[in-house]
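*Asks:* Now for the letters of each chain:
Protein chains: 2
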Amino acid sequence: MPHALPATHRQILYAARPEGTPTPDCFRLVTVPLQAPAEGEVLVRNELLSVDPYIRMRMEAKDSYAPVMAIGDVMVGRTVGQVVDSRADGLAAGDWVVGRLGWQDYSLAKPAELQKVDVARAPASAYLGALGSTGITAWVGLMHFGRPQPGETVLVSAASGAVGSVVGQLAKRQGCRAVGIAGGAAKCELVRQAYGFDDCVDYKRPDFAEALARALPSGADIYFDNVGGPILDAVLPLLNNFARVPLCGLVSQYNAAEPYGVRNLREIFNRRVTLRGFVLSDHKDLWPQAEAELLQAHAQGQLHYRETIAEGLENAPQAFIDMLAGRNVGKQLVRLRA
Amino acid sequence: MPHALPATHRQILYAARPEGTPTPDCFRLVTVPLQAPAEGEVLVRNELLSVDPYIRMRMEAKDSYAPVMAIGDVMVGRTVGQVVDSRADGLAAGDWVVGRLGWQDYSLAKPAELQKVDVARAPASAYLGALGSTGITAWVGLMHFGRPQPGETVLVSAASGAVGSVVGQLAKRQGCRAVGIAGGAAKCELVRQAYGFDDCVDYKRPDFAEALARALPSGADIYFDNVGGPILDAVLPLLNNFARVPLCGLVSQYNAAEPYGVRNLREIFNRRVTLRGFVLSDHKDLWPQAEAELLQAHAQGQLHYRETIAEGLENAPQAFIDMLAGRNVGKQLVRLRA
Numbered sequence: 028m029p030h031a032l033p034a035t036h037r038q039i040l041y042a043a044r045p046e047g048t049p050t051p052d053c054f055r056l057v058t059v060p061l062q063a064p065a066e067g068e069v070l071v072r073n074e075l076l077s078v079d080p081y082i083r084m085r086m087e088a089k090d091s092y093a094p095v096m097a098i099g100d101v102m103v104g105r106t107v108g109q110v111v112d113s114r115a116d117g118l119a120a121g122d123w124v125v126g127r128l129g130w131q132d133y134s135l136a137k138p139a140e141l142q143k144v145d146v147a148r149a150p151a152s153a154y155l156g157a158l159g160s161t162g163i164t165a166w167v168g169l170m171h172f173g174r175p176q177p178g179e180t181v182l183v184s185a186a187s188g189a190v191g192s193v194v195g196q197l198a199k200r201q202g203c204r205a206v207g208i209a210g211g212a213a214k215c216e217l218v219r220q221a222y223g224f225d226d227c228v229d230y231k232r233p234d235f236a237e238a239l240a241r242a243l244p245s246g247a248d249i250y251f252d253n254v255g256g257p258i259l260d261a262v263l264p265l266l267n268n269f270a271r272v273p274l275c276g277l278v279s280q281y282n283a284a285e286p287y288g289v290r291n292l293r294e295i296f297n298r299r300v301t302l303r304g305f306v307l308s309d310h311k312d313l314w315p316q317a318e319a320e321l322l323q324a325h326a327q328g329q330l331h332y333r334e335t336i337a338e339g340l341e342n343a344p345q346a347f348i349d350m351l352a353g354r355n356v357g358k359q360l361v362r363l364r365a
Numbered sequence: 028m029p030h031a032l033p034a035t036h037r038q039i040l041y042a043a044r045p046e047g048t049p050t051p052d053c054f055r056l057v058t059v060p061l062q063a064p065a066e067g068e069v070l071v072r073n074e075l076l077s078v079d080p081y082i083r084m085r086m087e088a089k090d091s092y093a094p095v096m097a098i099g100d101v102m103v104g105r106t107v108g109q110v111v112d113s114r115a116d117g118l119a120a121g122d123w124v125v126g127r128l129g130w131q132d133y134s135l136a137k138p139a140e141l142q143k144v145d146v147a148r149a150p151a152s153a154y155l156g157a158l159g160s161t162g163i164t165a166w167v168g169l170m171h172f173g174r175p176q177p178g179e180t181v182l183v184s185a186a187s188g189a190v191g192s193v194v195g196q197l198a199k200r201q202g203c204r205a206v207g208i209a210g211g212a213a214k215c216e217l218v219r220q221a222y223g224f225d226d227c228v229d230y231k232r233p234d235f236a237e238a239l240a241r242a243l244p245s246g247a248d249i250y251f252d253n254v255g256g257p258i259l260d261a262v263l264p265l266l267n268n269f270a271r272v273p274l275c276g277l278v279s280q281y282n283a284a285e286p287y288g289v290r291n292l293r294e295i296f297n298r299r300v301t302l303r304g305f306v307l308s309d310h311k312d313l314w315p316q317a318e319a320e321l322l323q324a325h326a327q328g329q330l331h332y333r334e335t336i337a338e339g340l341e342n343a344p345q346a347f348i349d350m351l352a353g354r355n356v357g358k359q360l361v362r363l364r365a
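So the protein sequences, as listed, match chains A and B. Using the working numbering, read the first sequence as starting at 28 and increasing by one per residue. Using the working numbering, read the second sequence as starting at 28 and increasing by one per residue.
Rather than coming from a laboratory, the hints here were simulated on the basis of the structure. Among these hints, one or two may not hold up.
Stated by the list, open to error - As a list, the in silico SDA-like pairs of lysine to any residue whose alpha-carbon atoms are at most 25 Å apart: (1) B/K231 x A/G288; (2) A/K137 x A/M96; (3) A/K311 x A/Y332; (4) A/K231 x A/A283; (5) A/K89 x B/V306; (6) A/K89 x B/G246; (7) B/K199 x B/R290; (8) B/K311 x A/E294; (9) B/K311 x A/R174; (10) A/K89 x B/K311; (11) A/K311 x B/V306; (12) B/K89 x A/G246; (13) B/K311 x A/F269; (14) A/K231 x B/R290.
What the hints assert, rightly or not - Some chain A residues flagged as far from chain B (calculated, every beta-carbon gap over 10 Å): (15) L32; (16) A34; (17) L40; (18) R127; (19) A149; (20) R174; (21) E216; (22) A242; (23) A261; (24) N268; (25) G276; (26) L277; (27) P286; (28) A352.
These numbers were taken from a predicted model, which means no experiment stands behind them. Cβ coordinates follow ideal geometry from the N, Cα and C atoms, glycine included.
Build the full structure now, drawing on both the sequences and the hints.
*Replies:* Quick look at the structure:
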């Protein structure tokens, strides 16, 4: 045992459905007794929590691709942490694991719900980001649905974000031109300098559509879309024939009271575009290949990432709200132990 | 020679760009000298002309998937007709052929631009419709992009139209449930009775969305979309996970001054839908298989179609305008010889 276990621990519960942007009173911090693992379970002390856009969809009144949370549930989210007590085969105290363990200091889980990770190969936090579900999302969307060919142009929205930044770096490894879209000059600079995209366009520019067209002299063959909405509308006329649009999320729409109406769908017909929504959990068969290639890119120094880390479970709601507003740089994490 | 050739013949030219719905002054009827075929050409007397929604797109100011027409061009369109003079190998006077021969009484063409058809097997008009590019469009969209499985539900917009009616009949042959969307009770009755769809919903009903949901108790696995716009918006929430949406056209949008904004694209992500624009000319490799299966369905009495035939080339513009407004039943054709 690395340390004595406390009698209680903290959780953040889903307290109220948001109207538009979530507010702090959508969440409630509670202290509850710490349970010991039953036979076949382990107890994990969560080190870092990942707060991601999909969680906003789980706060809706209506099911999306995943069921919504009920009021009073522990907020959903992936964590990386260390096993502190094991009554299960295959996992021992001291092992580092990743899982959907929720917004809480400690979690009980079965080994099948956890993935063991090697913190000697990369920092624990990377297994929630570029080497974890974030990076695998980028890989599945780009490689499986985008099918990039050398010389093609790959356009990515939310390019400074955790998924988008990996998409661009994987595109470069495939011999593609990578162009990002991000909000503000500082994020665009990061996309070019830290992640090595060939270009990045600030969607807050008044002449965004013209600037985007200039950044795409040969059009776009793949548009990896994280945002939907008006940016998708601006991109559609710049797609090449037979372009592929993996649709990874619609972060611009999650907080919108009225969804934006996309006007340029005619281009999907004219240019024979394939628009494909995808969700990582449908593609578990691809995970081993994705993980192996991401670890290889990391080992070769070709996978850079940034993290914004909030300190303390009590600050997770604000970190989540800030992430939805785009105030984070790279992957938004929360360190749970104060 | 079946008859003496005249010295002149008639053409309809593209005279003016439409603003919204085309009007008669967008077209001009002219009489021009009839040319004899050069070496390697044949002269075709056009019997029937097909007027189709795609022609409206060729009248735009901006290229779509195909280049726009220039003012003064002969209007584009497919015809079926008879060779009346041949200076080319492989085709003789009396042969029936189909080609993109335009809105005119006679056309010069090379054999490579023509397809010989067998009027003993089916009426000449069918080779412009259910056994021609119309039927092949239905086949490619449904079979190649839709990939129907027995027991699935196939939803089709413009179901009483030339393409839509074939889609439903092919879906039934695949063991699917076929549900149509059409405008008005009479068209819906035709879709059910003449084409054998399991159900058809009138989009002009005030309770269209509710009626559509009732007609799709198990959702829709394929939505073959001919219309886009608000009907697409109504369908998106009724799609099943992993639904396929072959986008064959956006007839609701061709005459629209302002394109409709589609608000429910979030469902493409939630339900992992594939939306795919397609154009028949990209898929010539599939035509022989499609033609063979359509001829087989016809021979088995499983391919029914209707035609609306306008009389006289001079009435082609009005027939085209009426077709865009949905006033035709089945395939809209024009018989060129008065």
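*Asks:* Please go over all the hints and tell whether each is borne out by the structure.
*Replies:* Going through the hints against the structure:
A distance of roughly 22 Å separates the Cα atoms of B/K231 and A/G288; the hinted pair therefore holds under the 25 Å criterion. Using a Cα cut-off of 25 Å, the hinted pair A/K137 and A/M96 holds, with the two alpha carbons roughly 21 Å apart. Of the supplied pair hints, the one linking A/K311 and A/Y332 holds, its CA atoms being roughly 23 Å apart against a limit of 25 Å. Proposed proximity of A/K231 and A/A283 is supported: the alpha carbons are some 18 Å apart, at most 25 Å.
Between A/K89 and B/V306 the alpha-carbon distance is near 36 Å, which puts this suggested pair outside the 25 Å criterion. Among the hinted pairs, A/K89 with B/G246 is consistent with the structure: their alpha-carbon atoms are about 17 Å apart, no more than 25 Å. Annotation: proposed proximity of B/K199 to B/R290 is violated, straight-line Cα distance about 31 Å (limit 25 Å). At roughly 22 Å between alpha-carbon atoms, B/K311 and A/E294 fall within 25 Å of each other, so this suggested pair holds.
A distance of roughly 23 Å separates the Cα atoms of B/K311 and A/R174; the hinted pair therefore holds under the 25 Å criterion. For the proposed pair A/K89 and B/K311, the alpha carbon gap of about 44 Å is over 25 Å, so the pair is violated. Our distance criterion of 25 Å between C-alpha atoms is broken by A/K311 and B/V306, whose separation comes to about 33 Å. The hinted pair formed by B/K89 and A/G246 meets the criterion: a straight-line CA distance of about 17 Å does not exceed 25 Å.
Distance hint between B/K311 and A/F269 is fulfilled; the C-alpha atoms sit about 16 Å from each other, no more than 25 Å. Restraint check for A/K231 and B/R290: satisfied, since their Cα atoms lie roughly 22 Å apart, inside the 25 Å limit. No Cβ of chain B comes within 10 Å of the Cβ of A/L32; the nearest lies about 40 Å off, and the non-interface call holds. No beta-carbon of chain B comes within 10 Å of the beta-carbon of A/A34; the shortest separation is about 42 Å.
With a least beta-carbon separation of about 25 Å from chain B, A/L40 lies farther than 10 Å from that chain, consistent with its non-interface assignment. Interface exclusion of A/R127 from chain B stands, the closest Cβ pair being 19 Å apart, more than 10 Å. Every Cβ of chain B is farther than 10 Å from the Cβ of A/A149; the closest lies at roughly 30 Å, confirming the non-interface assignment. No Cβ of chain B approaches the Cβ of A/R174 within 10 Å, the least distance being about 14 Å, so the stated non-interface status holds.
Chain B leaves A/E216 outside its interface by the beta-carbon criterion, the shortest separation being 29 Å against a cut-off of 10 Å. The Cβ of A/A242 sits about 21 Å from the closest Cβ of chain B, beyond the 10 Å cut-off, so the non-interface label holds. For A/A261, the non-interface assignment is confirmed: its Cβ lies about 13 Å from the closest Cβ of chain B, beyond the 10 Å cut-off. Listed as a non-interface residue, A/N268 fails to keep its Cβ farther than 10 Å from every Cβ of chain B; the least gap is roughly 8 Å.
A beta-carbon of chain B is positioned within 10 Å of the beta-carbon of A/G276; the least distance is around 7 Å. Annotated as non-interface, A/L277 brings its C-beta within 10 Å of a C-beta of chain B; the closest such distance is 5 Å. Remark: the non-interface label on A/P286 conflicts with the geometry, its nearest Cβ contact in chain B lying 4 Å away (cut-off 10 Å). Against the 10 Å criterion, A/A352 stays outside the reach of chain B, whose nearest CB is about 19 Å from its own CB.
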